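Each chain is listed here by its residues.
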Amino acid sequence: MLLRCLAVIFLCLALPCTALAATEIEISSPGEQTIPLGLTKLLSEQGTRADRIADEFDEVLNADLDLSGLFRFVDPQSFLDDAGRVGLFSNQVNFPQWRLLGAETLIKGTYHLDGDNLVVEGRLFDVVNRRLLTGRRYVGQPKDIRRMAHAFADLVLKALTGEEGPFSSRIAYISNQTGDKELWLMDVDGKRPLRLTNHRSIVLNPDFSPRGKEILFTSYRANNPDLYRKEIYTGKEAKLSYQPGLNVAGRMSPDEREVALTLSKDGNPEIYLISTSGRIRKRITDSWGIDSDPSWSPDGGNIAFVSNRQGNPHVFIADIFTGKTTRLTTRGKYNATPAWSPKGDRIAFTRQESGRFDIYTIKSDGTDERRLTFGPGNSEHPRWSPDGRFIVYSSDKDGNRAVYVMRADGTGSRRLTSLESDCRHPAWSPRW
Amino acid sequence: MSVVPLHQINSFHKDPKFGRLLLVSLVVHVLIWAAFTGGWFGSGTRPKPPVYYVDLIHKPVLNPQAGRPDPRPKKKQQAAPVKKSVATPVAPKAATKPEVKPLAKPTKPAKPKPVPKPVPKPGQRQEKKVQSAIDEIRQRQAREAERDALKDKLAKLRESVGAAATVPADVPVGMPDGTGDEAGVSALAFVQAFIQQNWALSPYLLDRSRIANIEAKAVLAYSSAGTLVRYRIDTPSGDPQFDDSLKKAIIKSQQLPQPLPKDLELVVIFNLKEMAAIRR
Numbered sequence: 001m002l003l004r005c006l007a008v009i010f011l012c013l014a015l016p017c018t019a020l021a022a023t024e025i026e027i028s029s030p031g032e033q034t035i036p037l038g039l040t041k042l043l044s045e046q047g048t049r050a051d052r053i054a055d056e057f058d059e060v061l062n063a064d065l066d067l068s069g070l071f072r073f074v075d076p077q078s079f080l081d082d083a084g085r086v087g088l089f090s091n092q093v094n095f096p097q098w099r100l101l102g103a104e105t106l107i108k109g110t111y112h113l114d115g116d117n118l119v120v121e122g123r124l125f126d127v128v129n130r131r132l133l134t135g136r137r138y139v140g141q142p143k144d145i146r147r148m149a150h151a152f153a154d155l156v157l158k159a160l161t162g163e164e165g166p167f168s169s170r171i172a173y174i175s176n177q178t179g180d181k182e183l184w185l186m187d188v189d190g191k192r193p194l195r196l197t198n199h200r201s202i203v204l205n206p207d208f209s210p211r212g213k214e215i216l217f218t219s220y221r222a223n224n225p226d227l228y229r230k231e232i233y234t235g236k237e238a239k240l241s242y243q244p245g246l247n248v249a250g251r252m253s254p255d256e257r258e259v260a261l262t263l264s265k266d267g268n269p270e271i272y273l274i275s276t277s278g279r280i281r282k283r284i285t286d287s288w289g290i291d292s293d294p295s296w297s298p299d300g301g302n303i304a305f306v307s308n309r310q311g312n313p314h315v316f317i318a319d320i321f322t323g324k325t326t327r328l329t330t331r332g333k334y335n336a337t338p339a340w341s342p343k344g345d346r347i348a349f350t351r352q353e354s355g356r357f358d359i360y361t362i363k364s365d366g367t368d369e370r371r372l373t374f375g376p377g378n379s380e381h382p383r384w385s386p387d388g389r390f391i392v393y394s395s396d397k398d399g400n401r402a403v404y405v406m407r408a409d410g411t412g413s414r415r416l417t418s419l420e421s422d423c424r425h426p427a428w429s430p431r432w
Numbered sequence: 433m434s435v436v437p438l439h440q441i442n443s444f445h446k447d448p449k450f451g452r453l454l455l456v457s458l459v460v461h462v463l464i465w466a467a468f469t470g471g472w473f474g475s476g477t478r479p480k481p482p483v484y485y486v487d488l489i490h491k492p493v494l495n496p497q498a499g500r501p502d503p504r505p506k507k508k509q510q511a512a513p514v515k516k517s518v519a520t521p522v523a524p525k526a527a528t529k530p531e532v533k534p535l536a537k538p539t540k541p542a543k544p545k546p547v548p549k550p551v552p553k554p555g556q557r558q559e560k561k562v563q564s565a566i567d568e569i570r571q572r573q574a575r576e577a578e579r580d581a582l583k584d585k586l587a588k589l590r591e592s593v594g595a596a597a598t599v600p601a602d603v604p605v606g607m608p609d610g611t612g613d614e615a616g617v618s619a620l621a622f623v624q625a626f627i628q629q630n631w632a633l634s635p636y637l638l639d640r641s642r643i644a645n646i647e648a649k650a651v652l653a654y655s656s657a658g659t660l661v662r663y664r665i666d667t668p669s670g671d672p673q674f675d676d677s678l679k680k681a682i683i684k685s686q687q688l689p690q691p692l693p694k695d696l697e698l699v700v701i702f703n704l705k706e707m708a709a710i711r712r
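These protein sequence lines are chains Z and B, in that order. Per this note's numbering, numbering of the first sequence is gapless, rising by one per residue and ending at 432. Per this note's numbering, numbering of the second sequence is gapless, rising by one per residue and ending at 712.
With the rest of the complex left out, here is chain B (with noise of 0.2 Å):
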């Protein structure tokens, strides 16, 4: 059996070759590390996804409210938080930024003011006068620079905190009619909802053809406790099926899980339009 001497093995560590693999080892880890931390990739830059308010409260109300902040801007009361969050946190930033920097510059010069100078001839006079007029037209470009500066940050924030203003008018959100003032779900989509919820029709019951143009009317009242007063079937389809099906529909929505604000009367057009075009 032959034992390695301990030399042989420091030896190892001296091999160029050892180097060579330990910092190919180290740039592989590196690139590794660079991959998956985004760096290469850009993911700073990734947009924010917008924030939306679910709304949790299972109760039906008049007002709803949206499920994320009203799209369409309310000049007045927007107006006001948008200068106070310019005006304080924000100015004083922007003012050390680097767009500024390089337009800010050219105000230097005016600080080692050449006045006191001892005998001011009359041609040294008019080439102060340009001087000077040089420096506020420099000045004014400044602080012009300053103020787009300014207007470009407040563009950045709209849009980083504004995150709601920014989004498409066709985003889903929880509730259709959500423009109200109150915390809570709108009560015709509640009723409508659970209604549908209770409406069980196969297609196989129905003759494929009739499938898109069926449809019938009925009209229901609910006390504000969520009780069925009454009903009445105000246009039936002419398919025993169908109509069954919907008086079935109804009578087991006699009783709302929920009470609503108010009394409610409503006209209910049953139809089978969406189920159409998915079987289309």
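This is chain Z alone, in the form it adopts within the complex (with noise of 0.2 Å):
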């Protein structure tokens, strides 16, 4: 009888375990490799429609989320009513009409204007799990509603994959608009162009210091090619390093203690660390080719910098505290301007094959070699976002020299500046 009762719970338990055996299946790539957004335009709080004010804001915000990559932006032709409603709780949103348009992430806001001030408020909600991401509420003038798309844009993008977007930073650039060529700065996105020097001379090579304050450059202005630094607030600018013949491609050390540069003093040009006061503490290179484009590490251990010394130029990575230089490309025969990852896993510089020139990025241990660019024309001067997520370079593609942005794949490139002037030398400025 118990053996009875005991076969009977064993079947009992055994088969239904048999009938659900689960079975495995294995899904390697997602359906969709974007992330599908509803960006709906800002509504005004008063019911009064200064539309310049909502579309200057969805102009901007849409060109950076899109030049992110990672959204696809659900057309705004297909919107439903919940996207002309003001509510920006997520009890207001109508979350199932967003996934109806097939929406995962939907951006909502609203702009009033108190007295002179303009406040926006911008909300990015997950629609499948019906809850807010983030929000943020800003005030400021009307005139600075493209700022405060761009701060929107970097707050979607830290909300979403944990690191801030560099949208808020600016990118300074060599343009001979006025006739000289001198250091100008803009927005991420191209706009809000300001001259930053009127050295009625060549100015060229900016950089930003790792805090963003100031920006080293080179200038012709005393008819030799002098290290300058300008502090960006203040607009005060002096001379750095002004030592017999080339005092040229100055960069801050991550610490913003020493400043790495090429100084020709000696004949052939070197890698050199100055101290922020100009005085020469070391010499970083010596050999008898042409050492110049010294680019530091994030941790500020190694500086990444051009070579002829084994013939072709090629980039070499040397240690700054044994002095030993390893090659880092080995091919091409014309390899310049490297320029370190803020992360410090990549180096981009640009390679010359077949007459032209065109951007590479290359492991720091001299593996993973990528091509970024393919088109027409030379593409040079690469420079990393302060993310890393995007490179910034000038090229002559579309015929006279322009700035350009793409993602740090190469994908997604587009040019930020006008092609009626000659634009070239850009610099990423870190996050303010």
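Treat the hints with care, as some may be off.
[What the hints assert, rightly or not] Across the chosen pairs, the derived CB separations fall in these ranges:
hint, chain 1, residue 1, chain 2, residue 2, range
1, Z, ASN129, B, ARG640, 24 to 32 Å
2, Z, ASP368, B, ILE464, 50 to 58 Å
3, B, LEU463, Z, SER78, 51 to 59 Å
4, B, ALA644, Z, SER201, 47 to 55 Å
5, Z, ILE280, B, ARG640, 36 to 44 Å
6, Z, TYR233, B, GLN687, 51 to 59 Å
[What the hints assert, rightly or not] Calculated pairs, DMTMM-like style, for lysine to aspartate or glutamate (alpha carbon to alpha carbon, straight line, at most 20 Å):
hint, chain 1, residue 1, chain 2, residue 2
7, Z, LYS343, B, ASP639
8, Z, LYS397, Z, ASP422
9, B, LYS679, Z, GLU32
These aren't lab readings, by the way, just hints derived from the structure by calculation. These numbers come from a predicted model, not from an experiment. We put the beta carbon where it would ideally sit given N, CA and C, even for glycine.
Build the complex: two chains, separate frames, hints provided.
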């Protein structure tokens, strides 16, 4: 009897297990490699229609998020009535309606004018889980609407990736818009250009200090290529290095205590370290070849530079402390302008092939080389965004030389400056 | 104003150059016609493309059929129809085939048998025996030739009619596990495709170095009505963006558009191997 009972219990337990035996399936790629986003226009809380504010905010946010490559925008033509509703709380949003449109994330926002001040509120919602992901209120002048949109785009990226975007930072570049090559500053989308120097000479090779308060550049103002430093907010300017010969390609160390640059005071261009007051501290390279274009590793322990010591110009890495030098690139006849990524894993550089310069990246151990640009014309001077997601560079692929930006994998390239003037040597500021 | 007289116009046709022109034009037209009809390029011998059977019934089933005939030969079932097709319609045709003719010819001299010869001499008898033996051999050869011709014909028929039997194994078909006997889509593949379709993840959300190795395992239980009864993430990947994306995919897949043949409990492994291979 007992045995029979045990057998019945065993069967009762075993049968459902066999009936519901789990089968294993593997999904090795998402069906969609972008996040479907419903991006609605700002709505006025006061019921007034100031379309210019909403349009400008929408234009900037759309361009920034599109450049990120993260999103697929749900067609605004298909939006239903919730896109026209002001409510910014989770319980006021009609999530099923957005699910119906295929959106996974939703951006809604409002604005109102408080006297002379403009108040903008933006919200990012998770449509699937029906929850608020992030949101912020911005107060400023109506002319600040672009900055507000850039700041909100940074916030959206932070909420989704854990790392803030670079859209509030700025890009320095050299332009001959006034007839002379001067230093200019613009937004990441190429808008609001601002001239920083008036040397009426040749200015080149700008670079930001790691905290973004100063810019280093070389100018022929005193008929010699001297290195200058300039405070961005106060406009104060001073010569930093004025050795005889070249004082070019100054790059401030990550701790802002030293500047690496190329000096040719002894005849042959070599890499040196100088203090922030201009005193020479250390000679990094010592070879018969030309050594130039230093770029700091993010940890400040190494410098990538270009040298023709073994024949053709190639990228080398020098250890600051031991002085040991290793060759990074082995292919191509002309490799130049290395730029170490902020995360330290890759180095961008240009290489001449078939008489044309293109941009490449390579791991700092010399492996996994990737070509990023393939278009017509020369693409040069690559520099990384502070988050390492994008690369800014100059190219003459559309005729005149202009500044372009692309994702770090070479996709999504877009022109930032007009073709009316020659724009080159871009440098991306750190986050402010 | 001068008018060309009619007799002059008629004289154009008598001109030998006109005749040559007409001939050249005719030849060119014939050549163009021949080129386009493919006579010169041997288009008539082009192999027929394999025929696929596309199942348009969008119904998940447990034992789906393949999108093409089973390439593995089923011995018992195949043997019968092949014999049938050879025996009835093909055999008479084969007899009239030109391949058989030259071998069958030697049987002809056997027809006018010189049997009623008046006086059979002993030497003639032996000759007759030899002759009959030779005839027998020739007949046997003819029969064998006929059999060979039939075999060839059969092989050709197999090639043309049973194209599926010659389809290479790696040709893509509708369902990867379609070896069953039900018209429809594999339930597992259906659920897999539906979840994958609902899974949205941008590679820019992840660290590039992690893409090749990231993996998470989830257990999903669907009722036969196609409703997600319960789910749990058994082994999360550790990357919040990745784990969040697959949770969303599961939530979006909580109701399948079609019922299932039975309750299903699935272990779903999410990874980015395919994406990593493409972006490498």
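When the hints from earlier in the document are held up against this structure, which numbers fail? No hint contradicted; all consistent.
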